[in-house]
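S.K.: With the hints as your guide, set chain B with the ligands onto chain A.
Those sequence lines, one after another, are chains A and B.
Anchor point for the first sequence: position 117 equals 117 in my numbering, and the numbering is continuous, going up by one each time.
Anchor point for the second sequence: position 67 equals 67 in my numbering, and the numbering is continuous, going up by one each time.
Just so you know, the hints here were simulated from the structure itself, not pulled from any lab data.
Just so you know, even glycine gets a beta-carbon here, dropped at the ideal spot from N, CA and C.
Chain A is nowhere near these chain B residues, computed Cβ spacing over 12 Å in every case:
#1 8
#2 10
#3 35
#4 36
#5 40
#6 74
#7 77
#8 122
Computed, partial: chain A to chain B, Cβ under 10 Å:
#9 20
#10 25
#11 37
#12 39
#13 41
#14 42
#15 46
#16 47
#17 49
#18 50
#19 98
#20 105
#21 107
#22 108
#23 113
#24 115
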Amino acid sequence: MAGQSRKDQLHFTIQHVADVSTSRRAGMQMAINMGFAHADATKIAVVISELARNILIYARTGTIIVKEHRGLDGKRGIKIIADDNGPGIPFLDKALTEGYTTSGGLGLGLSGSKRLMDEFYIHSEVGKGTNVTAVKWLNK
Amino acid sequence: MDSSGSTQKLENLLLVAVPRDLMDDEVIELRREILQAIRRHGSQVVLLDFSRVDICDSFFGRFIYTTSKMVELMGAKVIISGLQDVVIETMVELGMTLPDVDAVLDLDDALALSRSLSRQYNHLNETAPPDGDIADEE
Ligand SMILES: Nc1ncnc2c1ncn2[C@@H]1O[C@H](COP(=O)(O)OP(=O)(O)OP(=O)(O)O)[C@@H](O)[C@H]1O
Ligand SMILES: [Mg+2]
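Here chain A stands alone, though its shape is the one from the complex (with noise of 0.2 Å):
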């Protein structure tokens, strides 16, 4: 469940579907907090529900860490950083393609978090474990 490290950050562990809820109402409520839109607070929390999401089914579990992120420029933004120890994903290219799913879902978690943030990392390497880090900047 959610333990609070420190004020401008949010640490969860996803391990039951509660948590995605728990993670995606808190990680919207940063973003008004630090100013955000209320439709750029929506897709934040929309991301975290997708990324919290795949680690529920695909690894079981993980962790989603939010929090203020500055820019080399000194620009503000929110950081989503998911984490877990699953099995990876073996070809990036078609998981990150809309519609590619192997789930029965719709296939549209990672393609569509990555259009509603402004940066989208994924890090994967089977049999270890996946990462996604993406960014939203505050003042664009």
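M.R.: Same frame as chain A, but now just chain B with the ligands:
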């Protein structure tokens, strides 16, 4: 008006208030409730009201889609309403499309649609008139 849980009968319309945070087991529960209510009331149109929902992810999209498919197999139709502007914006950017699912602006439009569907239905069954109330038919 007869109501049970989050579903409510209004003429031949079944109103469903979709909860704000829908968890996996609750989705299955809600779907069962909808299918049972359709059978109980003979509803022809199911209106999924999303006005309480402020975060709509791909899981929600799948819920709308599969529910509409199941309802279709029972001879009824799903329509949706109440999606907030920011929710719509996010759904579209996420890439979510809901083929075959009509959206209406409000309850009035939903009622108009279900009344017109019931007129068509009664017309088709004219030879064997249903025992329901069709008093307001012209
Ligand atoms: N954390 C992960 N670990 C292992 N595989 C993953 C992980 N996240 C995604 N994948 C793989 O990438 C594919 C695409 O993921 P994506 O979230 O885009 O779609 P989905 O989960 O299949 O469906 P949706 O998210 O629309 O319900 C998945 O089907 C799965 O094979
Ligand atoms: Mg997914």
